[in-house]
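Asker: For reference, the chains in residue letters:
There are 2 protein chains.
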Amino acid sequence: MARKSFPLSKVYSLLEPGPVVMVTTARDGYPNIMTMSWHTMIEFEPPLVGCVISNSNYSFGLLKATNECVINIPTVEIAEKVVGCGNTSGAKINKFETFCLTPKPASQVGAPLIEECYANLECRVADTKMVNKYCLFVVEVIKAWIDPTMKNPQTIHHLGRGRFMVAGEKIKLKSKMK
Amino acid sequence: MARKSFPLSKVYSLLEPGPVVMVTTARDGYPNIMTMSWHTMIEFEPPLVGCVISNSNYSFGLLKATNECVINIPTVEIAEKVVGCGNTSGAKINKFETFCLTPKPASQVGAPLIEECYANLECRVADTKMVNKYCLFVVEVIKAWIDPTMKNPQTIHHLGRGRFMVAGEKIKLKSKMK
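So the sequences go chain by chain: A and B. Each step along the first sequence adds one to the number in the numbering used here, with nothing skipped, and position 55 is 49. Each step along the second sequence adds one to the number in the numbering used here, with nothing skipped, and position 155 is 149.
Since the hints were derived computationally from the structure, they do not count as laboratory data. Just so you know, not all the hints are guaranteed correct.
No copy labels: a pair is met if it fits in one copy or bridges any two.
What the hints assert, rightly or not - Simulated pairs of lysine to aspartate or glutamate, EDC-like, Cα-Cα distance not exceeding 20 Å:
{"id": "1", "residue 1": "Lys137", "residue 2": "Glu109"}
{"id": "2", "residue 1": "Lys58", "residue 2": "Asp121"}
{"id": "3", "residue 1": "Lys168", "residue 2": "Asp141"}
{"id": "4", "residue 1": "Lys145", "residue 2": "Glu163"}
{"id": "5", "residue 1": "Lys166", "residue 2": "Glu74"}
{"id": "6", "residue 1": "Lys166", "residue 2": "Glu71"}
{"id": "7", "residue 1": "Lys98", "residue 2": "Asp22"}
{"id": "8", "residue 1": "Lys86", "residue 2": "Glu39"}
{"id": "9", "residue 1": "Lys145", "residue 2": "Glu134"}
{"id": "10", "residue 1": "Lys168", "residue 2": "Glu74"}
{"id": "11", "residue 1": "Lys164", "residue 2": "Glu71"}
{"id": "12", "residue 1": "Lys166", "residue 2": "Glu39"}
{"id": "13", "residue 1": "Lys86", "residue 2": "Glu71"}
{"id": "14", "residue 1": "Lys123", "residue 2": "Glu74"}
{"id": "15", "residue 1": "Lys166", "residue 2": "Glu109"}
{"id": "16", "residue 1": "Lys137", "residue 2": "Glu10"}
{"id": "17", "residue 1": "Lys145", "residue 2": "Glu91"}
{"id": "18", "residue 1": "Lys170", "residue 2": "Glu74"}
{"id": "19", "residue 1": "Lys168", "residue 2": "Glu10"}
{"id": "20", "residue 1": "Lys145", "residue 2": "Glu110"}
{"id": "21", "residue 1": "Lys164", "residue 2": "Glu74"}
{"id": "22", "residue 1": "Lys123", "residue 2": "Glu37"}
{"id": "23", "residue 1": "Lys127", "residue 2": "Glu39"}
{"id": "24", "residue 1": "Lys137", "residue 2": "Asp121"}
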């Protein structure tokens, strides 16, 4: 599948609705995946994202060591893989193999893109001042990709305890908001 | 409408899916409303929420001065009011009056609840260290309310430029995640 470059100025439109994302990291050629819902946009451009990644997660150490990750946005078609990645630890298994996901080399960072996700945001850690207290990393999106064949991506949104809301209909209102 | 107390331990389930929220503040008896999509959970309990509120917003000064706000969660029924509050400034109008929204006294803070919203989270500012650099306030939810009559609240999720995704169907998967 051919990915298409996506403008950094529009990255907020992918993350602002609050989808569950899959964060990939890699060290020494060994990649990992973490399911994450605790994220927010912090700045439009360059796009800054605040990501809360608990220090009990295997990905925490990988991100601290490499300062690089990819935020991958999955859709409902792979919801079971998303949950699978959330239920397991990269300290014990290779999640790409276990959940039949395809790592694809990124252009700017060492962490891989997940081929099965409809959008991929290559990120570098921009600020670690809130990591000790809140496990909050500020990352900058330096390259964004999208699958142009996916016309109506149905993201999933975590409600807790295995319950998810699937993205529903879209509406348009007269707004001056960016 | 009778509000019901909502457990603080479950607040994350309301915000984690990423809904557009309406933040209320008040100073000297004058209340304001701000539409916000840039927020993330930071801690489960006590619930901490990271809120990015631009210093170009009237609410920024009110929140800095009072250290109190309410995060109100609207549903699609009042989407036009939500956008109206996002398109206007509290420096010029009283948004409660302009958009026919009902302020209701909170129990712990000076900012009012919005009666028309299905959930209301009374908050105190917990950390302002990231305000200068990122306009990021860490607030603690100290009291939560829900409208028990709303069985299937359809939250709205901002896609940018007046486009919103309306919460769709719910699915349940086998998850060990909280």
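Asker: Which of the listed hints are broken here?
Answerer: Hints 3, 8, 9, 12, 13, 14, 15, 17 contradicted; others consistent.
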